[in-house]
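Each protein sequence line maps, in turn, to chains A and B. First residue of the first sequence? That's 1106 in the numbering used here, and the numbers climb one at a time after it. First residue of the second sequence? That's 16 in the numbering used here, and the numbers climb one at a time after it.
Just so you know, not all the hints are guaranteed correct.
Computed list of chain B residues with no C-beta within reach of chain A, every gap over 10 Å [claimed, not checked]: (1) Ser-22; (2) Gln-29; (3) Gly-31; (4) Ser-35; (5) Arg-46; (6) Gly-69; (7) Glu-71; (8) Glu-75; (9) Lys-84; (10) Glu-85; (11) Glu-96; (12) Gln-110; (13) Lys-111; (14) Gln-116.
These stretches of chain A come out as covered by chain B in the derived footprint (C-beta under 8 Å, 3 or more residues) [unchecked claim]: (15) 1124–1136; (16) 1169–1179.
Everything labelled a hint here was simulated from the structure, so no lab data went into it. Heads up, the beta-carbon is just placed ideally off N, CA and C, and yes, glycines get one too.
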Amino acid sequence: ETGVTQSPTHLIKTRGQQVTLRCSSQSGHNTVSWYQQALGQGPQFIFQYYREEENGRGNFPPRFSGLQFPNYSSELNVNALELDDSALYLCASSSDRSNQPQHFGDGTRLSIL
Amino acid sequence: EDQVTQSPEALRLQEGESSSLNCSYTVSGLRGLFWYRQDPGKGPEFLFTLYSAGEEKEKERLKATLTKKESFLHITAPKPEDSATYLCATIQGAQKLVFGQGTRLTINP
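Only chain B is shown next, with the shape it has when bound in the complex (with noise of 0.2 Å):
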């Protein structure tokens, strides 16, 4: 089965302090790596999908890469409104999403 681990659990950082955020999956035949943010109290927002290795996208402050094994989020000179729960997902069988358990990111004024 596949399985979906996010690093770290929890990162906290000035504004303006730029880093990434870590997402490692085994999966035989990746069909789809899934990013959403989840601000407390609502549901999953989704970001991006990547499909192959060495494809990215970004958003605003947000940039997704994909490798074989992973995907990186980076976060370029956050500001405290990106504070969230950040969850990759990757697809299995049908269209079953298997989450990692979330980086809770929180950025300080």
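Bound conformation, chain A alone (with noise of 0.2 Å):
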């Protein structure tokens, strides 16, 4: 069984850069959930997406974006980036909406200067 990975696993951007950050799910998980993850700090809901559509967001600005493709696969699009972006990126699946466990990539850490 083909675990959550995510892509690249760092990146140093400048403010005001675009970035787009992407993660494969895990085999059988139709449901990609992004998050951040702070240093010192548990992971924030950015949101999440269910047979590509958007399902839930939490509170980040309309510069962050994303997408999910017909192979379940996702990617997270920030725009405008500023310095308290830097952060761990998480992306998580799951098999569907209800309440069975996610499990988690290892993340792509931006750095924003």
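From these two lone chains plus the hints, build me the complex, please.
Set out below in structure tokens:
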């Protein structure tokens, strides 16, 4: 069984730039959620995709956007990067929208200079 | 909105010294309480799901329990490899996880 994979593992950008992060969900999973984790904090929910539709969003501005593809992989796009966007971005997949556990990738470490 | 609070923020134990981590939550209609382990530079690794008060789950040296207001992660005779940050989370809405800030556990040999 293939787990959740994310790319790239590390990324350095400057303020104002745009970034795209990628996630391949675990085999058999059709729901993908994205989280932002600042250093020393728990992950914060950004949004979730189920069958290519956004299925819930956290308190993040519209410059955070996403996509899910027919093979259930997903992208997180962030425009107009700010210094506070520096964080670990985690992708999690699960089997459906119910209360089943979400399984996480190892994240993308994004640093904004 | 749901709130999840973990204590202590950090805990340092000697190898073999058992202890418990606390996760307090306020949620209307708990649909699931999750425990994860996170190693430095890695994503959270799923440990347990608890669905109702009184439920217990065990895995090796770890046991998770649940009441109506809190969950405990008991660690029995820990080893240095148990050192990690332990996160708990509840489900809100469709499938949004609300996490606590985590407990950073260090086991000294």
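We went through each hint and held it up to the structure:
no., hint, result
1, Ser-22, "13 Å, holds"
2, Gln-29, "24 Å, holds"
3, Gly-31, "28 Å, holds"
4, Ser-35, "19 Å, holds"
5, Arg-46, "5 Å, violated"
6, Gly-69, "18 Å, holds"
7, Glu-71, "17 Å, holds"
8, Glu-75, "18 Å, holds"
9, Lys-84, "19 Å, holds"
10, Glu-85, "16 Å, holds"
11, Glu-96, "18 Å, holds"
12, Gln-110, "5 Å, violated"
13, Lys-111, "5 Å, violated"
14, Gln-116, "5 Å, violated"
15, 1124–1136, "violated (count 1)"
16, 1169–1179, "violated (count 0)"
Hint compliance for this structure: hints 5, 12, 13, 14, 15 and 16 are not met, and every other hint is.
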